[in-house]
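Peer 1: What follows is the residue order along each chain.
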Amino acid sequence: DTGVSQDPRHKITKRGQNVTFRCDPISEHNRLYWYRQTLGQGPEFLTYFQNEAQLEKSRLLSDRFSAERPKGSFSTLEIQRTEQGDSAMYLCASSSGQGMSNEQFFGPGTRLTVL
Amino acid sequence: QQPVQSPQAVILREGEDAVINCSSSKALYSVHWYRQKHGEAPVFLMILLKGGEQKGHDKISASFNEKKQQSSLYLTASQLSYSGTYFCGTGENSGGSNYKLTFGKGTLLTVNP
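Those protein sequences? They're chains A and B, same order as listed.
Position one of the first sequence corresponds to residue 60 (the working numbering), numbered consecutively onward.
Position one of the second sequence corresponds to residue 20 (the working numbering), numbered consecutively onward.
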């Protein structure tokens, strides 16, 4: 399978705990994105990487959130001191960055439930 | 600012047609259409670029009116597999900043036998 993969698919945690999610983009894609989606809403942009450089972070991303893409391949999203409001689907997407079209392909997501 | 999609929901019988609209208050460079089934990731359908042509494949097509900052998705002779939530994602700038998509709230399409 050459699509975007995410791990874990589901995570249940208690309030105050730290969680980390992983995203593996399509292998030749140099752009990687994190989005968050809550029930009844479209995905909301969180952050964007071009290769290993994090080029933008949304204001939605508080200081408790951090994302890395150390070698320009896979990426991790960590949430510290989780709150119930963090419960959502966290989606990763990647694009090739070739040309101007920038088609983004999404992974299956990690569903986070904070109790 | 989030694009506005209409209608919020539509119910069809198999074989009927539907149009889903996406409107933005900002000048757009690109419009991306996705379909998402319950519990699954959004699946890319097509992208329309400023100055580009109307796109389509099979019985799904889309148009982009740059002046009106609107896009429409056309589904003809709908199939049961078309059921899902359709999202438009808008990109506001060209070049290096054309990466962040702003999504609408979605249009729930239900196709019944």
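In short, the hints are calculated from the structure, not lab data.
Remember, it's a predicted structure, so these values are computed and weren't measured experimentally.
All residues carry an ideal CB built from backbone N, CA and C; glycine is no exception.
Worth double-checking, as some hints may not be accurate.
Restraint ranges, calculated between C-beta atoms of paired labels, are given here [as the list claims (entries may be wrong)]:
| no. | chain 1 | residue 1 | chain 2 | residue 2 | range |
| --- | --- | --- | --- | --- | --- |
| 1 | B | Asp36 | A | Leu114 | 18 to 28 angstroms |
| 2 | A | Ser132 | B | Asn84 | 38 to 48 angstroms |
| 3 | A | Arg140 | B | Lys86 | 24 to 34 angstroms |
| 4 | B | Asp77 | A | Arg118 | 32 to 42 angstroms |
| 5 | B | Ser100 | A | Pro129 | 33 to 43 angstroms |
| 6 | A | Gly75 | B | Asn131 | 18 to 28 angstroms |
| 7 | B | Leu99 | A | Glu115 | 16 to 26 angstroms |
| 8 | B | Leu99 | A | Ser132 | 18 to 28 angstroms |
Restricting the straight-line Cα-Cα distance to at most 30 angstroms, the calculated cross-link-like pairs of lysine-lysine (BS3-like) are [stated by the list, open to error]:
| no. | chain 1 | residue 1 | chain 2 | residue 2 |
| --- | --- | --- | --- | --- |
| 9 | B | Lys78 | A | Lys116 |
| 10 | A | Lys73 | B | Lys56 |
| 11 | B | Lys69 | A | Lys116 |
| 12 | A | Lys116 | B | Lys124 |
| 13 | A | Lys70 | B | Lys56 |
| 14 | A | Lys116 | B | Lys45 |
| 15 | A | Lys70 | B | Lys124 |
| 16 | B | Lys124 | B | Lys86 |
| 17 | A | Lys73 | B | Lys69 |
Peer 1: Taking 18 to 28 angstroms as the stated bounds, is the beta-carbon spacing between B/Leu99 and A/Ser132 within them?
Peer 2: Violated: the Cβ-Cβ distance is about 38 angstroms, outside 18 to 28 angstroms.
Peer 1: With respect to the beta-carbon atoms only, verify the hint that A/Gly75 and B/Asn131 lie 18 to 28 angstroms apart.
Peer 2: violated (46 angstroms)
Peer 1: With 33 to 43 angstroms as the target window, see if B/Ser100 and A/Pro129 comply at their CB atoms.
Peer 2: Between B/Ser100 and A/Pro129, where Cβ atoms are some 40 angstroms apart, the hint holds.
Peer 1: Tell me if the straight-line CA distance from B/Lys69 to A/Lys116 falls inside 30 angstroms.
Peer 2: Holds, at about 26 angstroms.
Peer 1: Decide if the proposed pair is consistent with the structure: A/Lys116 and B/Lys45, CA atoms, cutoff 30 angstroms inclusive.
Peer 2: Judged against 30 angstroms, a Cα distance of about 21 angstroms means the pair holds.
Peer 1: Given the hint that B/Lys78 pairs with A/Lys116, does the C-alpha gap stay at or below 30 angstroms?
Peer 2: violated (37 angstroms)
Peer 1: Does the Cβ pair B/Leu99, A/Glu115 satisfy 16 to 26 angstroms?
Peer 2: violated (39 angstroms)
Peer 1: Mind checking the hinted window 38 to 48 angstroms against the Cβ distance between A/Ser132 and B/Asn84?
Peer 2: The hinted range 38 to 48 angstroms holds for A/Ser132 and B/Asn84, with Cβ atoms some 39 angstroms apart.
Peer 1: Does the Cβ pair A/Arg140, B/Lys86 satisfy 24 to 34 angstroms?
Peer 2: Check failed, 47 angstroms falls outside 24 to 34 angstroms.
Peer 1: Does A/Lys70 pair with B/Lys56 here, judged by a C-alpha cut-off of 30 angstroms?
Peer 2: holds (20 angstroms)
Peer 1: Against the range 32 to 42 angstroms, how does the distance between the Cβ atoms of B/Asp77 and A/Arg118 compare: consistent or not?
Peer 2: Holds, since B/Asp77 and A/Arg118 (Cβ atoms, about 39 angstroms apart) stay within the stated range.
Peer 1: Mind checking the alpha carbons of B/Lys124 and B/Lys86 for me, to see if they're no more than 30 angstroms apart?
Peer 2: holds (22 angstroms)
Consistency note: the structure conflicts with the earlier hints numbered 1, 3, 6, 7, 8, 9 and 17.
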